[in-house]
Structures are given as C-alpha cells and as structure tokens.
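Going letter by letter, the sequence shown gives residues 0 to 460 in numbering that gives the first Met the number 0.
Hints in this document: simulated from the structure, not taken from any laboratory.
Here the structure is a predicted model, which means the values were calculated and not measured.
Mixed in with the good hints there might be a few duds.
[As the list claims (entries may be wrong)] With a Cα cut of at most 30 Å, we get these calculated BS3-like pairs of lysine-lysine:
id : residue 1 : residue 2
1  : Lys312    : Lys213
2  : Lys383    : Lys447
3  : Lys312    : Lys449
4  : Lys383    : Lys213
5  : Lys447    : Lys312
[Unchecked claim] Computed spacing ranges between beta-carbons, pair by pair:
id : residue 1 : residue 2 : range
6  : Leu276    : Asp452    : 56 to 64 Å
7  : Ile345    : Arg313    : 29 to 37 Å
8  : Phe122    : Trp390    : 49 to 57 Å
9  : Ile394    : Pro116    : 58 to 66 Å
10 : Val401    : Pro311    : 39 to 47 Å
11 : Thr412    : Gly115    : 40 to 48 Å
12 : His59     : Ala259    : 40 to 48 Å
Note that beta-carbon positions come from the ideal geometry of N, C-alpha and C, so glycine has one too.
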Amino acid sequence: MGLFGLLFTVLAFNGPLTIVVGYITVVIGMGNGLGAPVAYIATGVLIWLFSVGFIKMAGHLPNPGGFYAFITAGLGKLPGLGASFVALICYYFILLGVYAFNGVLMNSLVHDTLNGPDIPWWFWVAILMVITGVLGYLKVELSARVLSWVLATEILVTLVYAAAVTFQGGAEGLSMASFEPSNFLSGSIGLALLFAIMNFGGFEATAIYREEVKDPDRTIPLASTIFIFTVTALYGLAAWVIVQALGASKAVEAAAADPAGVVPVTVGQFVGNWAQLLVSVLVVSGVFAAILASHNITARYAYNLSVDRILPKRLASVHGDHGSPHQASVAVSLAALLGLAPFVFIDIDPNILYAQLSGVFGYAFILLLVITSFAVPLWLRRQKIPGLTVWHTTIAPGLAIVGLLAALYLTTTNFALLLGSSDGFAYVVMGCIYVVFLIGVVVAQVLKNKRPDIYARIGRQ
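Turn these sequences into a full structure, and let the hints steer you where they fit.
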C-alpha cells in the first residue's frame, strides 16, 4: 500500500461527509456556536503539536502496533499492554456503533428517500458484515481502493458545497463572526473541543499498517502530516460554510433544532436537489467506509497482540496471497456479530447504541492520546536521531500534554452529555475503561513473573 492508499484508509475512519453532516452541526448547535470553525482549527493545532514527536518516532521506531507499540517503547511493557487493551476495546466498540448507525441510515435511504420497503436495521447490518468480512480478509490494497473512491467523492462534494455557498454569499452575506474570540469562547467550548478531537480519531492508524505499506519510514510520517492538515482545513472550512449557509443570526438555533438535516437541506438550496440526494447516498457509503476502516484497525490490533502471544497464536496468521491478517479479520467479524446480536434481541434503539458506543470511543481515544503524549518524548530523548531538537523532545510534546490533559478533563466533565445519560452511568462507563487498562497492566505483570518469554515480546519487541 502506497502513500495515498494509506492516507485514504485513515481518512475513511471518520468519513469526512459524515462528520460534516452529523458532527460539525452538533458542535454549532450544542457546542460553541459560531465559533465552531476555530474549535476545529485549534484542535488541528493541538493534534499537530502531538504529531511533532509522534511522526519523528514513527519514522524511527520499527515496531508496528500504533498506540500499543509507542506506549510500550516509551513507558514500558505494563502500561503498553494496558493501553493495547483499551485501544482494542475502544475500536471494537466504535465498530459496533457504526454498524448499527449504518443500518439505520440504509433503512432511511431505502424507505424514506427512495420509497422502498421498511426493513429492520439489523438486516442491513448483516449484509454489511458480509461485505466488510470479505474485504477485510483480502489484501488491504483492495480496501484502500474502495475507500479512495468513496473518500474522494465525499471531499469533492464538500468542496462543491463550500464553493456554492461562498460564491452565492450564503443566507445573509458572508460573515467572519466565527473568528471573533468572543464567539470561540461562547457556549460549551468543552463539548466543542471534545467532538473536534473525536473527529481526528484513527490518527495513529498510519503506524498500525507499518508492515503493509511501502517504505514505511517515509510513508507513515508523510501520511500523518497530510492527514492532519487535510482534516483541519476541511472541517474548519466546512464549519464556516455551514454557518454561512444558515446565516450567522440563525445558525446556532437551526443547527440545534435539526443537526442531521441542515446540511442536506442547504446543499439542496445552494447546489441543487440532485446534490441533496447524492449527499444522502454518500453519507451511507461514508459510514460504510468507516466500518471498513474500523474493522481493519481492530483486526490489526488483534493481530499485533497475537504476534506477541497475548491473544491466541492463530490470529497472527498472515494470508499467503493477500498479505492480510486474515484470521484476525475473521475473528473481528465474528466478534462484531456476537457483540451486536444481544442488542437486536433486546430491541434497543440503534441511534442510542451508536451515540453511547461513540462516547466510549471518544473518551478512550483521548486517554490514549494523553498516555502516548508522555511516552513519545521519553522515547525520543533516549535516542540519537539526526536532526532531533528540543522542539521535538520537549517544547511541542509539552504543549501537547497540557492541551490533551485539558481535553481529558473537559471530556470527563462532559461525558454524561456525550453519552446522553445520567452522571452515575457516565462514571461507571469511565471506570470500566480504566479497569480495562488495569487488567492489561496486571496481565503484563503476571506474564513477567510466569512467562518471561511472552513478556519480552510485548509491544512488538
């Protein structure tokens, strides 16, 4: 897999158009209102500061495994295995969530938009599982090709929408009110930054594919850099355009009233009805791309843990023709089926299921970023890498640590709102995430005492 294949594979995890339609509008309506564009730009700067050391490390650490390998190399095997358990669980949960969400979207597209039959969401999920399972089993380049076409179309439609709104002057004339400090700090800035950081999810996946990309020491850092600047520019622009399309005086109220509907409606107004239908179709395909990306990331975390003999050795098998971790991919498909089946029988609302599982992912992802932000500079300071400066080892990582700790605090205090639940339930869920981390630490300690041969392998070492 080359540079653009890797880039599109990572971008697909969130699905740009899905973020534009379903998340940015929430930031405008429930977050910091007109200041949403600056929230995404500020988050992009924070992730870039984090990436300064991360990219340096990715270019010189030969171990694949994403957060698992980075945290192990920087902080040691005990926190490394704990983090790997959290990463595996959080990506598995978001996989279940996007499956359920796409089942709802498929039914809405067929029944509401195309006037077809009303089919239960789980029927569409079953079909999606088969397609995802096949693509996950095959060579990763096939998945990359599928994702590249989907992502390219999503980005193109977003840019056409932006151009149409800008050239037509929006609903009330173009306004720069979004960039006023008072608007950035208005409303719930904590919720805005929380969602914005979530929308950079999957960022470390560039390092997970180390064994499957060409020239990884060059490709991974370059793909990571392009990803950060692309996502920051695209989401910052989209947030500003949505405000213009709704009008600065009405944007917050309109986005709060119908967060999922305002973008398709304004696309129809400024671009045309054909584009509104296209957006509905592309959101479905975009969420499928997120399913495929989530499946592949989860499978590779399982694969890396099985290579280290933490999980069954069989999952470490690599397909002779496709070069994919096919057994781990099959295991993830079966785990997704078993994970969703109980929710079908208890007849839970799939929208609530998606929201809560997304919340678990968001909190766990920020926690992993915080831990990694400590691991990276510690590892870099122990290396003799040409061109390494205090900017890479101290200044940028230090600023990232401060920003990410603030983000973790804001996430903790707003977690109930993110889950749509009571404070008590939110604290239980957060507690479970930390328990998973501690289980990994305990397992590592047991292996150190009982199976030092396996302990020595932790972190793909």
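Verification of the supplied hints:
1. Lys312 with Lys213: Holds: Lys312 and Lys213 sit about 26 Å apart, inside 30 Å.
2. Lys383 with Lys447: holds (29 Å)
3. Lys312 with Lys449: Distance ~18 Å between Lys312 and Lys449 Cα, so the pair holds.
4. Lys383 with Lys213: Measuring from Cα to Cα gives roughly 25 Å; hence the hint holds.
5. Lys447 with Lys312: Holds: Lys447 and Lys312 sit about 19 Å apart, inside 30 Å.
6. Leu276 with Asp452: 56 to 64 Å: holds (58 Å)
7. Ile345 with Arg313: 29 to 37 Å: holds (32 Å)
8. Phe122 with Trp390: 49 to 57 Å: For Trp390 against Phe122, whose Cβ atoms are near 53 Å apart, the range 49 to 57 Å holds.
9. Ile394 with Pro116: 58 to 66 Å: Since the Cβ atoms of Ile394 and Pro116 sit about 59 Å apart, the hinted range of 58 to 66 Å holds.
10. Val401 with Pro311: 39 to 47 Å: holds (41 Å)
11. Thr412 with Gly115: 40 to 48 Å: The hint (40 to 48 Å, Cβ to Cβ) holds, given that Thr412 and Gly115 are roughly 44 Å apart.
12. His59 with Ala259: 40 to 48 Å: holds (43 Å)
The structure meets every hint from the earlier list without exception.
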